[in-house]
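Undergrad: Read off the chains here:
6 protein chains.
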Amino acid sequence: MPLGRLIEYEDAGAEVRAVFDDIMATRKTDWVNNFWKALAQHPETLRRTWESVKQVMAPGALDPLTKELLYVAVSVTNNCDYCITSHTAGARLKGMDDAMLHELMAVVGMANETNRLANGYQIPVDEHLRAVARGEVG
Amino acid sequence: MPLGRLIEYEDAGAEVRAVFDDIMATRKTDWVNNFWKALAQHPETLRRTWESVKQVMAPGALDPLTKELLYVAVSVTNNCDYCITSHTAGARLKGMDDAMLHELMAVVGMANETNRLANGYQIPVDEHLRAVARGEVG
Amino acid sequence: MPLGRLIEYEDAGAEVRAVFDDIMATRKTDWVNNFWKALAQHPETLRRTWESVKQVMAPGALDPLTKELLYVAVSVTNNCDYCITSHTAGARLKGMDDAMLHELMAVVGMANETNRLANGYQIPVDEHLRAVARGEVG
Amino acid sequence: MPLGRLIEYEDAGAEVRAVFDDIMATRKTDWVNNFWKALAQHPETLRRTWESVKQVMAPGALDPLTKELLYVAVSVTNNCDYCITSHTAGARLKGMDDAMLHELMAVVGMANETNRLANGYQIPVDEHLRAVARGEVG
Amino acid sequence: MPLGRLIEYEDAGAEVRAVFDDIMATRKTDWVNNFWKALAQHPETLRRTWESVKQVMAPGALDPLTKELLYVAVSVTNNCDYCITSHTAGARLKGMDDAMLHELMAVVGMANETNRLANGYQIPVDEHLRAVARGEVG
Amino acid sequence: MPLGRLIEYEDAGAEVRAVFDDIMATRKTDWVNNFWKALAQHPETLRRTWESVKQVMAPGALDPLTKELLYVAVSVTNNCDYCITSHTAGARLKGMDDAMLHELMAVVGMANETNRLANGYQIPVDEHLRAVARGEVG
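Residue numbers (our numbering), protein chains in the order written: chain A, 1 to 138; chain B, 1001 to 1138; chain C, 2001 to 2138; chain D, 3001 to 3138; chain E, 4001 to 4138; chain F, 5001 to 5138.
No lab work stands behind these hints, which were simulated from the structure alone.
Just so we're clear, the structure is a prediction, and the values are computed from it rather than from any experiment.
A few of these clues could be false.
[What the hints assert, rightly or not] Footprint (simulated), chain C over chain B, 3 or more residues, beta carbon under 8 Å:
(1) 1072 to 1081
(2) 1104 to 1116
(3) 1120 to 1129
A virtual CB, placed ideally from N, CA and C, is assigned to each residue, including glycine.
Taking the hints into account, I'd like the entire structure generated from these sequences.
TA: Structural data, given as structure tokens:
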């Protein structure tokens, strides 16, 4: 049960329906998941968030599956149950199989461990790594 | 300046040197970054962490570049400066260009935004998404 | 079901009852929510936490509604379901309407996105902003 | 030193300049802070993020100062040094005085404490609070 | 219901059974908790994680109970419900009583508060404390 | 450089001096670290926070060293540089040696890894563990 309400298509105004229609068209599906129904309580947030997600998740220098995997990695790190589920679902629909899922989890777990070791030991950043990270050194 | 000391190769015992040698051989490089020098204060942690990282980051169902991108995504979300730098460097060495870096950041930023919207609105998980996420529905 | 037990008024000792009485008197209500019943397992923590919350949330330079909104912002960022619910309730009782709730969520979401962009890109702080933040420059 | 580069106005293309111009016009100032110069590496992210921030932070049901305070609360909770500084500066320019700053910090600190107590004790949400939070009960 | 499946002993292959046997033998118990059954979907992750946990949680310079308390402190801070429960259970089996549990929660809550005050006020680290933390000064 | 100012003893009013005196007396030392000097900007927060820390960190069911270790574990997980340093220093002064420090870091790292695996896989809590955690089953 959400904070507030889920707005169904039939109860939505024209502005919300336009976004719902675009979500379904973009995703080639005939339903809208709860995330968007909750945001529809505030049509401005619904439109802005959907436009941003559509732009960010479109194919570009990174392919859509890689983007979904990144989304899952962030969602697991933040412990967002809704987001883990919805983006794992998205990744599966874009081709993630079980082996990929398990390696994703292994990387996320390991990254969380070494992040704490690096911060805990207050390890100074190597100048060489900084230069490589900035693209100044090959 | 780290908590404790950075152990240099020339000051290291045989157990630490063996790990340092394996790091350099695996990475086809002739130096070791500060992270491992700090862990070398505790050879057991050094060995265990390196063995885990080596296994987790090896090519598998996900390619090494994708794994580095996931590592950066987690490190940005956790705000680990050392890890952002070292894994951005690692990603660059494995082929990430500027366009990929910027899309990575865009996804990480957006995921952190929608994570909070989903949690903040306490949005219930759609049963259909759960089934897809579990691989029960195509 | 909590870790441990919820202590009801009728099962509580004098020290706990005194705090419960003060909670109800301060809030002009006749019931105590589960948070305090759980803390009542450790009367020292109950008293110390209540005294702090009472002091911190009292009207001052910031009004009580603004303080509740800040509490919700932190709770959403930390993903604390209990706290999101209880402080959203508190904010509503102090006058937050739906429009305010949705703008609150929008700010929290956006802040979480730009926090990651700032950390991810390791953007150096502008000296001018530091001076303004410290109140040295108008 | 950021990951990548800061794009100065004189080195920017027309698309970036248009956003920089809008930032300065909206804020009635003649300079652009580093956050936007870093995002300018990816004009699409720059434009999208600025449009979102402009919309979200505009006066609405919540006044601009309250929105800045919320931004600081999130940034402190996420430990984003850049964001703490820039939004504390923003809050000061919108009227936050020292007393308000200190109360803000006190609320953020207390919220982080009670968030952990609520999660740590796994305290069940009171049904009454849920109803109030949803706006079903006054 | 987990992402994926829980692998029961009778459905497991030899590699998974060997780990399950070692878990039960090490813990002197005749059952395996769900965490390991979920990891068993990826035998490599199961084995690596168990070997690491077994090594890290073994008695050493810190006793096993202290290690469990530390595990709970991290899990509360990260809001991991499974981990709070399983390591609180582990701590109880190693001797934690109610008084210890409540003091643990009080420390975790307080640390989360002062962490935010320190970061929020951007307090510079005292040089003397750095020297003591590094073990350079007694 | 902090947000705001550090209040030195000689510039402090009577209320702040009284807290500073109590800090030095309680800790049997003749100086006050920057954390308290920053909080002294708001005497109410200074007094409240010090009273809480003094109560929470006093010997009780957990000894003072264990409490410092827990504080470090939380601070590493939250990535609070000031707090990692000050409480590592505190732990050293209470008897933590290098071996204990390294085991502490190893537990914190591992807990952060398995926290993410548990949340990522959305592993259901075992009923038996819940009962043990609540102290209902031995």
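Undergrad: Looking back at the hints listed earlier, which ones does the structure fail to meet?
TA: none
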